[in-house]
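Undergrad: So the sequences go chain by chain: A and B.
Going by the working numbering, the first residue of the first sequence is number 254, and it counts up by one from there.
Going by the working numbering, the first residue of the second sequence is number 34, and it counts up by one from there.
Read the hints as simulated data drawn from the structure, not as lab findings.
A few of these clues could be false.
[To be verified] Negatives, chain A to chain B, calculated, CB over 10 Å:
1) LEU275
2) LYS418
3) ARG442
[Claimed, not checked] Pairs of lysine-lysine, BS3-like flavour, derived with a Cα cap of 30 Å:
4) LYS500(A) to LYS535(A)
5) LYS708(A) to LYS171(B)
6) LYS539(A) to LYS500(A)
7) LYS500(A) to LYS630(A)
8) LYS171(B) to LYS591(A)
9) LYS633(A) to LYS353(A)
Beta carbons: idealized from backbone N, C-alpha and C, even for Gly.
Read off the chains here:
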Amino acid sequence: MDAVVSAFGLVFQPDVLLVILLASAYGLFVGAIPGLTATMATALLVPVTFFMAPVPAVAAIVSATAMAIFSGDIPAALLRMPGTPASAAYADEAYMLTRKGQAETALGAGLVFSVLGGVFGVLVLSFSAPALAEVALNFSSFEYFWLVILGFTCAIFIAGKDPVKGIVSLLLGLLISVVGLENPAGAPRYTFGNPDLMGGIELIPLMIGMFAVSEILRYAVLVIKPPAITEKPFGNIFAGMWALLKKYPLGLLRGSALGTAVGALPGAGADIAAWMAYAVSKRFSKEPEKFGTGHVEGIVEAGAANNSALGGAWIPALVFGIPGDSITAIAIGVLYLKGMNPGPTLFINNPQNIYAVFIVFMLAQLLMLPLGWMAIKVAKRILGIPANVLMPLILLFCVVGAFAINNSPFGIIVMLAAGVLGFFMERFGFPIAPTILGVVLGTMLEQHFFSSLIKADGNFLVFFERPIAGTLGAVCVLIWLWPLGRSLLRRVRQWER
Amino acid sequence: MQRSDRWVGVGLAGLGLAVLWTAREFPQVPGQKLGAAFLPMLIGAGLLLCALALVARSFRAGAYPDSARPAAVREHFGSSAVIIGAVLAYILFAERIGFLILAPVCIVPVFRALGVRWLPALLWALGGTVVVHLAFYKLLRVPLPWGWIPPLY
Numbered sequence: 254m255d256a257v258v259s260a261f262g263l264v265f266q267p268d269v270l271l272v273i274l275l276a277s278a279y280g281l282f283v284g285a286i287p288g289l290t291a292t293m294a295t296a297l298l299v300p301v302t303f304f305m306a307p308v309p310a311v312a313a314i315v316s317a318t319a320m321a322i323f324s325g326d327i328p329a330a331l332l333r334m335p336g337t338p339a340s341a342a343y344a345d346e347a348y349m350l351t352r353k354g355q356a357e358t359a360l361g362a363g364l365v366f367s368v369l370g371g372v373f374g375v376l377v378l379s380f381s382a383p384a385l386a387e388v389a390l391n392f393s394s395f396e397y398f399w400l401v402i403l404g405f406t407c408a409i410f411i412a413g414k415d416p417v418k419g420i421v422s423l424l425l426g427l428l429i430s431v432v433g434l435e436n437p438a439g440a441p442r443y444t445f446g447n448p449d450l451m452g453g454i455e456l457i458p459l460m461i462g463m464f465a466v467s468e469i470l471r472y473a474v475l476v477i478k479p480p481a482i483t484e485k486p487f488g489n490i491f492a493g494m495w496a497l498l499k500k501y502p503l504g505l506l507r508g509s510a511l512g513t514a515v516g517a518l519p520g521a522g523a524d525i526a527a528w529m530a531y532a533v534s535k536r537f538s539k540e541p542e543k544f545g546t547g548h549v550e551g552i553v554e555a556g557a558a559n560n561s562a563l564g565g566a567w568i569p570a571l572v573f574g575i576p577g578d579s580i581t582a583i584a585i586g587v588l589y590l591k592g593m594n595p596g597p598t599l600f601i602n603n604p605q606n607i608y609a610v611f612i613v614f615m616l617a618q619l620l621m622l623p624l625g626w627m628a629i630k631v632a633k634r635i636l637g638i639p640a641n642v643l644m645p646l647i648l649l650f651c652v653v654g655a656f657a658i659n660n661s662p663f664g665i666i667v668m669l670a671a672g673v674l675g676f677f678m679e680r681f682g683f684p685i686a687p688t689i690l691g692v693v694l695g696t697m698l699e700q701h702f703f704s705s706l707i708k709a710d711g712n713f714l715v716f717f718e719r720p721i722a723g724t725l726g727a728v729c730v731l732i733w734l735w736p737l738g739r740s741l742l743r744r745v746r747q748w749e750r
Numbered sequence: 034m035q036r037s038d039r040w041v042g043v044g045l046a047g048l049g050l051a052v053l054w055t056a057r058e059f060p061q062v063p064g065q066k067l068g069a070a071f072l073p074m075l076i077g078a079g080l081l082l083c084a085l086a087l088v089a090r091s092f093r094a095g096a097y098p099d100s101a102r103p104a105a106v107r108e109h110f111g112s113s114a115v116i117i118g119a120v121l122a123y124i125l126f127a128e129r130i131g132f133l134i135l136a137p138v139c140i141v142p143v144f145r146a147l148g149v150r151w152l153p154a155l156l157w158a159l160g161g162t163v164v165v166h167l168a169f170y171k172l173l174r175v176p177l178p179w180g181w182i183p184p185l186y
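All chains should be built: construct the whole structure from the sequences, respecting the hints.
TA: Structure follows, in structure tokens:
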């Protein structure tokens, strides 16, 4: 209980509250501009949070991302251009509503159900993470090894469309993680005699490259010109929301629960949660024929799902150090920098910091209502800012940010290389999320594998001996064999006919 | 036809082979059968297998959609080259010339490549440089290089 009280004390400081407010405004702005994603917002924020105390640093990331995921709905509804990939699932639907003269409903539902979904995600996070941490205290290297493998498996087989390309992405990430001295033999690997590479490739410049510079390159290559917005002023966006809540309580609950679960799976984040929730909503709707014609039901469910995914993603990140999405992959980097190494011991040694994160999360969701309303009011102004002026300024910021992590130009080199790599990966259909997971978890994988191997003394069955490790291992093996089993089953059925 | 996948596959196979080749020399962990080479070996073998799968399936038409974009979209590779060139120039010369002079010099061509007119490009570049300098050098104490200008404070 003392920890909760001191957590409130940590959050309700003038400087922390100011950081939350500023980060929220920043998140709303970045999310509302098509081409700038929530992950990019996080990556650009890191060089600034670098100079803050742990709680405001995490607060900045949490509030900026929550706002960005909501405000991605604004251009989706007004321009049919999702502001972040998380709004892509229902951009057409929201735009159709606007075309029918119901922009208020599209934007209002986006805002209100984002908040409700977000609150659901935070509640699940706050109650499940400490309980999970209790369990995780008994974990040995075997459990951690399988958890990492399960994370990779989810990112490839559940989140991705094309498993072969997903595996390539993961292997590229692992290859990046291998660079440096940090390995069981302490031998320099792929350092090419360069002292900068001895310590390994720094995560933050890599993220800035993959998520910000690659977007700038993509913008430059495709030069997207947004269409003009209709001049009609909006009415009250909150009108009719109570009726929607009473009409679709099940959809809200289903979307929030699905979003939290998908968010908690490594490699799958808010964007995949929204696509899945939209599809589920259509599948179980009483009026599926209305979907795609400007029907608000899918927005309710998917809008709740993408915001609840944010909270869900922090569950494995805080308890196991395994990121639930790309945003928490960056956040884990920040936690390490701040000495808040994720893992179950964090819940014992520094519970007030964890509770502070939960409080900030809740605060950000509640703050979203007034700030989101204001953002919708000034939407026309934000969307009127030309992207070709913004992109070079963001580039400048990226360069200085990548430099600031170690005060070394090597960070800028890493950033540029990662940006070019990210650009080509996206272009050729290779997902980025498994790469990030590989980079973040590569060292952990190797470390736990080798300590398990020493304990097992050459007997691989020991990897399955402990109950939780055995279950995790079995789940992984089942997911790998699932495509094989499915095609075998199909052949057998065909043969029977 | 999945031509792009085929060439990407060939490239990845090369990378996989290179990883396998270099990993042979990594040392063992004393008293263990596996060493520093284990994970790189696994990565190299995996890359090679996936590359073969990509190349093989690129000959089976229609199984997977081509990942390259439709030809109808006009692409401007020139502007992305300007961006990469600008960052490279900054990496090479920042220490010598300094942030305050080099940043606007690098960023103005990027504005121009994205279709911003000269005057706004110059103003935005200068304004952005000063703001970033104040935010990072003054506020966050990041030692951005002064270069040719003697340190003003």
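Undergrad: Taken at face value, is the distance from the CA of LYS630(A) to the CA of LYS500(A) at most 30 Å?
TA: It holds: about 26 Å lies between the C-alpha atoms, which stays within 30 Å.
Undergrad: Once the closest CB in chain B is found, is it more than 10 Å from ARG442(A)?
TA: The assertion about ARG442(A) is violated, with a minimum of 6 Å to chain B.
Undergrad: For the pair we were handed, LYS539(A) and LYS500(A), check the Cα-Cα distance against 30 Å.
TA: Status holds; Cα separation ~11 Å.
Undergrad: Does the claim that LEU275(A) lies outside the interface with chain B hold up, using a Cβ gap greater than 10 Å?
TA: holds (13 Å)
Undergrad: Measure nothing beyond the straight line between the CA atoms of LYS708(A) and LYS171(B); if it is 30 Å or shorter, mark the hint as holding.
TA: violated (52 Å)
Undergrad: For the pair supplied as a hint, LYS500(A) and LYS535(A), is the alpha-carbon distance within the 30 Å limit?
TA: holds (15 Å)
Undergrad: Holds or violated: are the alpha carbons of LYS171(B) and LYS591(A) at most 30 Å from each other?
TA: Holds, at roughly 22 Å.
Undergrad: Confirm or reject the statement that LYS418(A) sits farther than 10 Å, beta carbon to beta carbon, from all of chain B.
TA: Given a closest Cβ separation of 8 Å, the condition is violated.
Undergrad: LYS633(A) and LYS353(A): Cα distance at most 30 Å?
TA: The given pair, whose Cα atoms are some 19 Å apart, holds under the 30 Å limit.
Of the numbered hints listed earlier, those contradicted by the structure are 2, 3 and 5.
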